[in-house]
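Participant: Using the sequences provided together with the hints, build the complete structure.
2 protein chains.
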Amino acid sequence: MLSVDEALQQVLARAKAKPPTLCPLGQTLGLVLAEDISSDVDSPPHDKSVVDGYAVIAADLAAGPAELEILEEVTAGAVPTRALARGSAIRIMTGAPIPSGADAVVMVEQTQSLNSRNPLGRVRIATQRVTPGQNIMRRAASMTRGDLVLRAGVTIRSVEIGVLAEVGRTEVRAVGRPTLAVLPTGNELVSPGETPAAGQIRNSNGPILLAAARTAGAVVVDLGIARDDRVQLRDLIARGLESDILVISGGVSAGVLDLVPGVLAELGVRQIFHKIQLKPGKPLWFGSLASAAGERFVFGLPGNPVSSLVCFELFVRPLIGRLAGCDNTALEELAAPLAIDYTHRGDRPTYHPARLSTIDNRTLIEPLRWRGSGDLRTLVEANALACFPPGERAFRAGETIRVLRLP
Amino acid sequence: MLSVDEALQQVLARAKAKPPTLCPLGQTLGLVLAEDISSDVDSPPHDKSVVDGYAVIAADLAAGPAELEILEEVTAGAVPTRALARGSAIRIMTGAPIPSGADAVVMVEQTQSLNSRNPLGRVRIATQRVTPGQNIMRRAASMTRGDLVLRAGVTIRSVEIGVLAEVGRTEVRAVGRPTLAVLPTGNELVSPGETPAAGQIRNSNGPILLAAARTAGAVVVDLGIARDDRVQLRDLIARGLESDILVISGGVSAGVLDLVPGVLAELGVRQIFHKIQLKPGKPLWFGSLASAAGERFVFGLPGNPVSSLVCFELFVRPLIGRLAGCDNTALEELAAPLAIDYTHRGDRPTYHPARLSTIDNRTLIEPLRWRGSGDLRTLVEANALACFPPGERAFRAGETIRVLRLP
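In order, the protein sequence lines correspond to chains A and R. Once you know that position 364 of the first sequence is 366 in the working numbering, the rest is easy, because the numbers rise by one and skip nothing. Once you know that position 45 of the second sequence is 47 in the working numbering, the rest is easy, because the numbers rise by one and skip nothing.
The set of hints was computed from the structure by calculation and includes no laboratory data. Keep in mind that the hints are not guaranteed to be accurate.
[Said to hold, decoys possible] A short list of chain R residues far from chain A (calculated; beta carbon distances all over 12 Å): (1) 4; (2) 12; (3) 18; (4) 28; (5) 66; (6) 73; (7) 133; (8) 140; (9) 143; (10) 200; (11) 273; (12) 296; (13) 344; (14) 378.
[What the hints assert, rightly or not] Quick list of the computed label-pair ranges, beta carbon to beta carbon: (15) A:38 / R:172: 45 to 51 Å; (16) R:196 / A:67: 38 to 44 Å; (17) R:328 / A:140: 40 to 46 Å.
For each residue, glycine too, the CB sits at the ideal point set by N, CA and C.
Facilitator: This is how it looks when you write it as structure tokens:
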């Protein structure tokens, strides 16, 4: 049986970023940029004032406070029409171009207009010291026309959207979101709106997996519940193969009604692995299909919700990230000391639901009292997985173990 | 002038969670639950098998491997019709109810069917040891009917959606997402699709703030660009006051065309503070309006994009969180050693764009070479803010400073 790391390698071996599409800027948040972006402008486009105040010639104020004649007022969006000569000043707003001849700006708070009825007239510059260049941001200080300002491969956050707007890109090429279809299987499942009869339970896996896939950045397709019926199952799986990823839950362990692997084979999906060294999640099935529309990836997750969620986070989430064009797609890994004594026993590497908490600047990990892989309720307390090697060992509180943070 | 902490207190003082609304389960991801949730079922609903195999009486196997008569097969979703007697076994699937009389389940991998043509017949149980209770999860081990399973106030992740599905909730009361309108102001602004003329720049603040607000969980309204025109400004601000939060960028510093505070006052918005001890972001304006539809909150952010984004993350994000019903809404704070020597000087507490990186398990913070508050391009490298106290001081590489992680 493959280890978790070997299985993840096989999952990612055939996965590459989806082809780029041209997206309106407002729809790119969270996507990966698929082209290098150059600036079509200098930023700022001119030497600009970074405060509201007066553009001056520093030499006029070398001896301390002085009175200057106001030549004009330049508001943001306007351009100066006059050049400064010795003894004069121009009223200027934040962002406005520096008039020719000026070499500094004095903040309005350090000045006093000497003609209250007329914005022009004379102004007293009250500051003791004016340095050439002060309060001026030089043309192209942030970016020069032609500069490469964003590289293909970055994830587009709000700041990147701002840069794209600044350089005039209303559309950009970005990697599309992967699509992911979810198919829970089993005659025992009824929908959450129904009351289960004897032997039945409500379908919680479908809603969990749809929500987890949305959280991981996929566009989801809800295929409903598949019964243990070969014809219906084949139809639903064929529809699922229209998505980049098909996640089936249940139907891949050793039960006699576990029809899933046979139907997948019929539809041309090639098994890559089945069963791995993992607890919970040993029965994990993975396969792929080379289709005209691109490689399709199929996961058969164990039917119980905790195993299903652990397999999702360890294998499906990184695949979604890889198809979305992200380099680093795995869960955040850290080392943290145990909050309690804890005895682990198991024949496989175990990813145990656990709670990370930070108290007094110290982050501790506490494995939860987990009542087996069907116990979804305990997972509500979990925000991490505590990783234990196979075997039996009593860990002491304070001992450092490996932890994966859940999103 | 208020400190950053005092200003944040004032922003949050009047803010409370929005009234709950009834949401379909599939639309609750990321919302805060607004009711306590009890289970309407036992989970599991019956003693159930956690493996595919044979339900047996452990005492039949006390002496080691044995052959048993198979009475029937219980698939998932079905219920047993027979009770076990000594010397017999029932074939059982994962999740199926344990038949009366059985006290253990043996995995199918540890058995050998002795009649290949007929699933019934006899089975050889090959395992050396069978313990009463093995591979059985008891009725209600995860939850008992009537148990409180989720408390009002939790944020709904995929696991919570699973629990809600399990207890039959297709709709739940949850706190609605706050709405947030964005209004950049200034005659110098043109839309990203236009080529700026002399004195003009493209509107990058609007797209940044819309994206940052979506990232923080708000439903956004794009009001377009307001010119320095009192009538149009009044109309756009009135529309903005239909949202829970109105974020105006520009128009609140000391420029003569800064009409925003006057128009806000006319519309009944009461100023709570203007200017705070913060760099970048000193001109921040904040006010509120008690309207019939609930309290409205108005921010006037400085017009340059870096100040604007810092103010958004420090003040607007926590307000969005509070209105969405979250307890803990601030940016994650940590202490990290400086990656480089760094001299800070400034008359106000400074939140400097910086990069957190983890190398060899050590997380270091590097203040970026930031070319002033209009320098959006450098922010692309930033994933954190490095916090420096006022004054001038040379910090040495390795010295620990306060850091806020950007989302």
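Participant: For every hint, state whether the structure bears it out.
Facilitator: Outcome of the hint check:
no. : hint                      : verdict
1   : 4                         : holds (18 Å)
2   : 12                        : holds (23 Å)
3   : 18                        : holds (25 Å)
4   : 28                        : violated (7 Å)
5   : 66                        : holds (21 Å)
6   : 73                        : holds (16 Å)
7   : 133                       : holds (14 Å)
8   : 140                       : violated (9 Å)
9   : 143                       : violated (5 Å)
10  : 200                       : violated (5 Å)
11  : 273                       : holds (19 Å)
12  : 296                       : holds (26 Å)
13  : 344                       : holds (20 Å)
14  : 378                       : violated (5 Å)
15  : A:38 / R:172: 45 to 51 Å  : holds (47 Å)
16  : R:196 / A:67: 38 to 44 Å  : holds (43 Å)
17  : R:328 / A:140: 40 to 46 Å : holds (43 Å)
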